[in-house]
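**Student:** Sequence:
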Amino acid sequence: MVGVGQTTDRPAAGAAYRDRPTPLSLMAHASELALLDSGSDRLRAAITDVVAVRSFTWHPSNPARLLADAVGCTPEVRTSTTTVGGNIPQLLLHQSAARIVAGEDCVVLVAGSEAMHAASIARKEGIRPEWRDEKSESATLLADEDVPLTALEYAAGLTQPTDCYPHFENARRIARGWTKSEHLDRVGRIWSRFADVAAHNPYAWLRDGASSDAITTVTDRNRLVASPYTKTMVANLPVDMGAAYVVMSAGRALELGISADRFVFPHVGADASDHWFISDRLRLDDSPAMRLLWESIQSTGVRADDLDAFDIYSCFPTVVQTAAEILGVDPLADERPLTLTGGLTFGGGPGNNYTTHGICQMVDQVRGTSRRGLTTGLGWFSTKHSWGVMGGAPATEPFRHFLRQEDVDALPRCETLALDGDVTIESFTVVAGRDNELIRSTIAGRHLSGVRTWARNDSPDVAHELLTRESPEMAATIANGQFTLRGN
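Under my numbering, the first residue of the sequence shown is numbered 2, with each subsequent residue one higher.
Any given hint could be a false lead.
[What the hints assert, rightly or not] Below, computed lysine to aspartate or glutamate pairings styled on EDC-like, alpha-carbon distance capped at 20 Å:
| hint | residue 1 | residue 2 |
| --- | --- | --- |
| 1 | K232 | E438 |
| 2 | K232 | D287 |
| 3 | K125 | D436 |
The hints are simulated quantities; they were obtained by calculation from the structure and are not laboratory data.
All chains should be modelled from the sequences, with the hints used to inform the complete structure.
**Tutor:** Given below as structure tokens:
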């Protein structure tokens, strides 16, 4: 890696849409910074591949071509765009490194951005951003996607990440026997550490810090999203941010006059996805894919104690806790924070491109040193996982890329059916509206046979009872996809 660039355009009070950046301008600015960071005026003409990380709000047919033209790449440059997934920037780094190790002479620029804050201002002003209608020739897509949820999951009210990730969080609470107070205290303190990191990150979107109590307490400004998560515990999507990096062989970089003190070396990468449907996963509070990725990385001699820095993907606290458990790192006590950005709440959550920011931060951490760090990406419903280690010095062995999908696919699956009867509650969440009104409750219940069943209840009284219970042990009765709470 020879160049990284980040840009964060925070709005001034009263800013209008006309004052805001566009997705292309953010991506181009970050790319220019990455080129400048390399120290070479010959790098631009040497780029062979431009990859645009897919935006949530900007969908031209080939954003990579628009970017290539904006930064002055040669007409012959190959362009492609990705599909959805916060793992994508990390995966692209692994794929690029593997191509180079295999002998391919490629110079890859990866960039992404979001202008969701600008889009929200435009919406309030009744304006349709002109960039919503930009077109270019069709791009090469790097992957396909499937339907993300089952019919039973949809029927129970699982439609968005904010409906699903709380189930992973509460499954952890129930499995470990934590009371509501114990759980909130733990999660709040983890997230407060992330807020502290963001306060010292010049690229972070929110830099004021936040206490544990401020993060976990429901107020008009910090509404309940889906228990236990408040607004300041979920990814902060309405940001205007861009980030980019350039990766190439060290030999080619030296030919272009790039000084070796600019180099950062990918050491090892690993990729796999957990079972696609949440219902198929044996446990909601674990990730076999993450475990296999870390197993692969450790097979190269890397240990958690050897790493100097981490940037763990952090769309919700649950995935940070899962990763920390797998790494054997205490997210509250370890002197190494698990983020370099402040995470997707405080650092900012620019859609699929957050991990590019984490990579850029890690490059700045290890460049010119013997330090090493782990960056991770995650996509969909804690489904796609990408973990990689990089260092300021070359590894003792060539870059290795582990693909563990066959191993994950061979793992057993949970039987999930629309089955009536008595269940113990494996997980639950209460979904709230923008005015903190309680909309619905959903549970994952386990029958004595081990079969999992999803169910919902739209009663505010049931929602209130779930929200106020201190004990994690709960039971319910399910009939026709609806549940009622049972016992104490």
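**Student:** With the threshold set at 20 Å, check whether the alpha-carbon distance from K232 to D287 stays at or below it.
**Tutor:** violated, 24 Å
**Student:** For the pair we were handed, K232 and E438, check the Cα-Cα distance against 20 Å.
**Tutor:** Answer holds: K232 to E438 is near 14 Å, not above 20 Å.
**Student:** For a C-alpha distance cap of 20 Å, please report whether K125 and D436 respect it.
**Tutor:** It holds: about 19 Å lies between the C-alpha atoms, which stays within 20 Å.
In this structure, only the earlier hint numbered 2 is contradicted, and the remaining ones agree with it.
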